[in-house]
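4 protein chains.
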Amino acid sequence: MSNSLGKLFVVTSFGESHGRCVGAVVDGCPAGLALSVEDVQKEVDRRKASNSAGSTGRREEDKAEIISGIFNNITTGAPICMIIWNRDIDSSAYEKTRFIPRPGHADYTAYIKYGGFNDYRGGGRFSGRITAGYVMAGAVARKLLSLISIEVLAHTVQIGAIKAGKVPQDKIRDAANRSPVGCADANASEKMVSLIQEVTGQGDSIGGIIEALALNVPVGLGEPVFDTLEGALAGAFFSIPAVKGVEFGSGFLSAGEKGSENNDPFTIENNRIATKTNNSGGVLGGISNGMPVVARIAVKPTASIAQNQQTVNMKTLQNSNIAVHGRHDACIVPRAVPVVEAMMAITLCDLSIRAGLIPEVIK
Amino acid sequence: MSNSLGKLFVVTSFGESHGRCVGAVVDGCPAGLALSVEDVQKEVDRRKASNSAGSTGRREEDKAEIISGIFNNITTGAPICMIIWNRDIDSSAYEKTRFIPRPGHADYTAYIKYGGFNDYRGGGRFSGRITAGYVMAGAVARKLLSLISIEVLAHTVQIGAIKAGKVPQDKIRDAANRSPVGCADANASEKMVSLIQEVTGQGDSIGGIIEALALNVPVGLGEPVFDTLEGALAGAFFSIPAVKGVEFGSGFLSAGEKGSENNDPFTIENNRIATKTNNSGGVLGGISNGMPVVARIAVKPTASIAQNQQTVNMKTLQNSNIAVHGRHDACIVPRAVPVVEAMMAITLCDLSIRAGLIPEVIK
Amino acid sequence: MSNSLGKLFVVTSFGESHGRCVGAVVDGCPAGLALSVEDVQKEVDRRKASNSAGSTGRREEDKAEIISGIFNNITTGAPICMIIWNRDIDSSAYEKTRFIPRPGHADYTAYIKYGGFNDYRGGGRFSGRITAGYVMAGAVARKLLSLISIEVLAHTVQIGAIKAGKVPQDKIRDAANRSPVGCADANASEKMVSLIQEVTGQGDSIGGIIEALALNVPVGLGEPVFDTLEGALAGAFFSIPAVKGVEFGSGFLSAGEKGSENNDPFTIENNRIATKTNNSGGVLGGISNGMPVVARIAVKPTASIAQNQQTVNMKTLQNSNIAVHGRHDACIVPRAVPVVEAMMAITLCDLSIRAGLIPEVIK
Amino acid sequence: MSNSLGKLFVVTSFGESHGRCVGAVVDGCPAGLALSVEDVQKEVDRRKASNSAGSTGRREEDKAEIISGIFNNITTGAPICMIIWNRDIDSSAYEKTRFIPRPGHADYTAYIKYGGFNDYRGGGRFSGRITAGYVMAGAVARKLLSLISIEVLAHTVQIGAIKAGKVPQDKIRDAANRSPVGCADANASEKMVSLIQEVTGQGDSIGGIIEALALNVPVGLGEPVFDTLEGALAGAFFSIPAVKGVEFGSGFLSAGEKGSENNDPFTIENNRIATKTNNSGGVLGGISNGMPVVARIAVKPTASIAQNQQTVNMKTLQNSNIAVHGRHDACIVPRAVPVVEAMMAITLCDLSIRAGLIPEVIK
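Protein chains in written order, with our numbering: chain A, 1 to 363; chain B, 1 to 363; chain C, 1 to 363; chain D, 1 to 363.
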């Protein structure tokens, strides 16, 4: 296991889906940052299962607590431990299928890697629920980034075959917030909701794509060659369950382009250097170039589906079947949006501290 | 800068395009591994510019040396330092354009991040040439992986709009080796060569996609949640200049799929657990599942093009123009193939050691 | 702040003296280890303030909880978070002296480093109380080490001018356990108790030396050159408040010796290689040599004393005075004994895993 | 092996005594630092064997080269690789005693840990010669520290039973430089020289103690709790072969003291907070307090002695004898003085960067 992320702003994740809690320790947060439990709760709430189409039936209160590292609602420089206690646990469904791995899940790989000692209830350590811890850490990172005006923003741009149309950058946040699927294009959002209802009805699930943006990023974030901005962000995004692809700027499309199309011409804008296009996604040579950092994250369809699937019995090594009737999201994408933001914020925060942009004490 | 990669098998990269050398230190290689300079040279040679279409005019001998860590052609457990001295350096082209950043390159971001002190000649530390050091480290990793039968293999699957057809897995290596562009589909290979010649004639460049495979990977590689197999590989791939996207298995396509399509059913094959399909790309929950690990890496078109491009003067903050007439590859993809293999081997080697699969001493 | 220790067996410490809790996250513990809260509580209890001479008046229940990482009292491979909630907090004494740093404490340095935002109550993050978290992590490490028969053992060998006589190695543990000051020499123990009572009566405090032993350590622990066994242990010991010196084997005495005296002759014992003496403290070239690892740790006298001391007001920059009338140990040495053991166990555990001696899964 | 030290200013060591070279890569050095090979050579020269009593007969030219990371004698932000090629190698003495471990050396532990594959010639990776690489890295660190006025200084305070008298702090450097044993007390220096000659005549060796000072250290260096100033320095010092103890301020003496004696009273001096005494060695709570940082490092007698010693044959497991007639220093202490300075400089440099005192670019 490797449950710490970052070099100077270090997030340590712990907890399980059906254990006592999920949590995170943030080490390296500068002293002097105003931080209340409400700041953290706000982000946790964005990730909560709602009644919208596609969300799990599990209803957790998800009440965040900060149990170390702040004093009078200001960070002290000490590690910040944050916890959410699990309440609404129903593990009954998992006992009988303990040796029957659910296709698309970590049941099989965890069983082998941890010799069968892994907590298999609800996916245990591999559940999407542990991202509640990421989101708490992300709340700290966001507050730090706001001090240097960096804003992090994610939204759903595709679910199944439905793709969102282009929305002006300054409209995205509000529009995405209004959408039950986190999509800024109202039209597409409606279709996505319908699609999720449709696949839910089929006992099926559906994937999607999230676009993540970081705005007002100064030139200089990213530590080549082995902690490039792209590499660090990608590493963080792949710690979100179900993520299967990450690209920046024109990404996979650039494979089909010529240099004369893909290169972003430099230009002077308001007496500052900018690029006329942003095919690079705001990153040149692994370092931010002052343009918006743009990443796209592919999320596979939820592995848990009610349909009958072929699988095996890991103990008897015989073929078997499973239909997963727990409480799951038919489409994880909407709830992954704030998690993507959290991971982006955590990574940018670490790189900002390393680049000397955030001091050891906030004054 | 952050020039070390890995936790137990640690690669430290150094050197510049037009400095005295490029090199790498490999720390954490077990003692007792047979390792000769020929093992290393072989991989370096695969990366060398050839006379094939699309390659730079720079002709480096690229002679690898191992200057520490082996004794009688066997590793000692001590750090292995490997060096290639630069010979064919012509920096004249760079002096006059020192303050004129080439679009698509790191010239601008490096200038700002390093306060203008960066070695700008030939891209300096940001040149593709530093990947010669990666390849030397990768040669060590490959030899270690071969002890546990893991094989790493990359090939070109797309250049521009030309996509390779499916080639049986056991034919890929030989066919790709025969192709001047590293493409296993002979038909597509020919078209790719033509396309590269065409864009070269236009003073332009072209991007592509490389597929990387790891075969015979046992179940259990990858350290969730922050060093997942996908995250670790992606981080390594993004340290290769020009990489803009990384996906695993069905990757971005899975966004459009349903769970019933995307989930890989488990089955018993030769008395062992396998999956019937491999949409997961061999990774479940961030851990290898015993199927081939399959990644696809998007490479943008070479930034250096002979066509005139709009840019700026970083000193005067005025608009300017540049046509890059140095010695460059019109398509970097073929030469990136062995580099992708190297980064995959390095990452899998580190994770294998962490998983206890490679011991401290090879006997 | 840097609150994580270790490379594969990683301990993250959090919590404050007068905050809500002290705790630790252990990441990298193999799956399959039997671990109950009683295992942890046992070590916590050894560190608790007793009624013996020299102990603080603060009476904490110190009830350990394991809130993640175990399932049915067996480790799962997931991070293990352990917590002790603070109960008996009386911060009144600290408010009025907030800007009056106590000599010998971190009040001044923490005030400057953290810009006055540090939690100053009871020393906050710099209190000896945070070592309760170390001891919980140490309990996990001890259980792992016991699987490979490594035993860790510390005892008081000096308090003030009173030095313990030599006690046969196999008698140390029991004798030290019987002593209220953790000293295996009953005679010296009595005198130490008297001395502590004497200095307590004077409103003063007293220092001491702890010897730490690791028995049955195989040859090969320690990772030269920058994670030598000595360096790794010393780094860990210096994370215990009040430690001011660490030596191995003949340590500082070896400065006065000749090679012919200090070198430990090799010899064959029971058909195995051993050394006739152990001036090296069981470490050669930074690697364990199979003999007992022997360290000595110098602990300064408790900084908190009731006597009047000269100090300053950090705000007004004027001279001032302070007499510390909180609840403190007049001699921290006895309570530091289990903490020294914990830090030794944690370090040896990490090095054992790195050397491949403890597998990823305990079977 | 673990051959990288530091978090942001990272030194990677490589090379062997009788291999092709010794070297170091410094990663994380800010761009813009004036650095010439002469800066490095100067420190290497201080470490060179001279004709003074006690030095090895090996006569290496020890010519330092900087092969990456600088451009026009200014650092670029890229990793700085520095090398000394080995020239005067005579390995003949080692072949016949390959399986006869020299008492006090790493021959036995390296043989076991690396399965007999270690380079045994001249101690290989465990030779004091590798500290030439430390000294090169230290030269870079010193230049960086000089930008913030931190000065690092070490001197011999004891050889055998001969202890140096107290010398005023501002006289130490010059006086120590004039002494062939690096001792600032001229009287003691003479006696030390005689003692070394005496033990050399006896075919023996002798140990000693080095005091290391860091002056003008601002308040705030050190990252509690697991990278305290003391712990980080101690870890670095123990990477020097033959170091067996490290203490700070009153160190082991504080064990015998009362709080009223050991606590350093705070006082106002020139309108700034200082302490009247410096028993803490400039460190409170693991953080520098603005007073001189004072460490004492115990160095054991050189393990190589000409006298006959009892040992074993590792292959036959029979008792044997050895007299080491290679080329060695009878007292390593004088040559270790610049190495101690280097390790202190490297550590303080890393902590200074982490504390934000040295920026990413030197302007």
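A couple of the hints might just be wrong.
Copies of the same chain look alike in the list, so a pair counts if it works inside one copy or between any two.
What the hints assert, rightly or not - The list that follows gives simulated cross-link-like pairs (lysine to aspartate or glutamate, EDC-like), each with its CA atoms no further than 16 angstroms apart: (1) 171 / 39; (2) 315 / 269; (3) 363 / 174; (4) 258 / 198.
Read the hints as simulated data drawn from the structure, not as lab findings.
Structure-based check of all given hints:
1. In the homo-oligomer, the alpha carbons of residue 171 and residue 39 never lie at most 16 angstroms apart, since the shortest distance is 23 angstroms inside one protomer and 56 angstroms across protomers.
2. Proximity of residue 315 to residue 269 under the C-alpha cut-off of 16 angstroms is restricted to the inter-copy arrangement: shortest distance 15 angstroms between copies versus 65 angstroms within a copy.
3. With identical chains, the CA atoms of residue 363 and residue 174 are never at most 16 angstroms apart, being 31 angstroms at best within one copy and 42 angstroms at best between copies.
4. In this assembly of identical chains, the alpha carbons of residue 258 and residue 198 lie at most 16 angstroms apart only when taken from different copies (11 angstroms versus 40 angstroms within one copy).
Checked against the numbered hints given earlier, the structure breaks hints 1 and 3 and satisfies all the rest.
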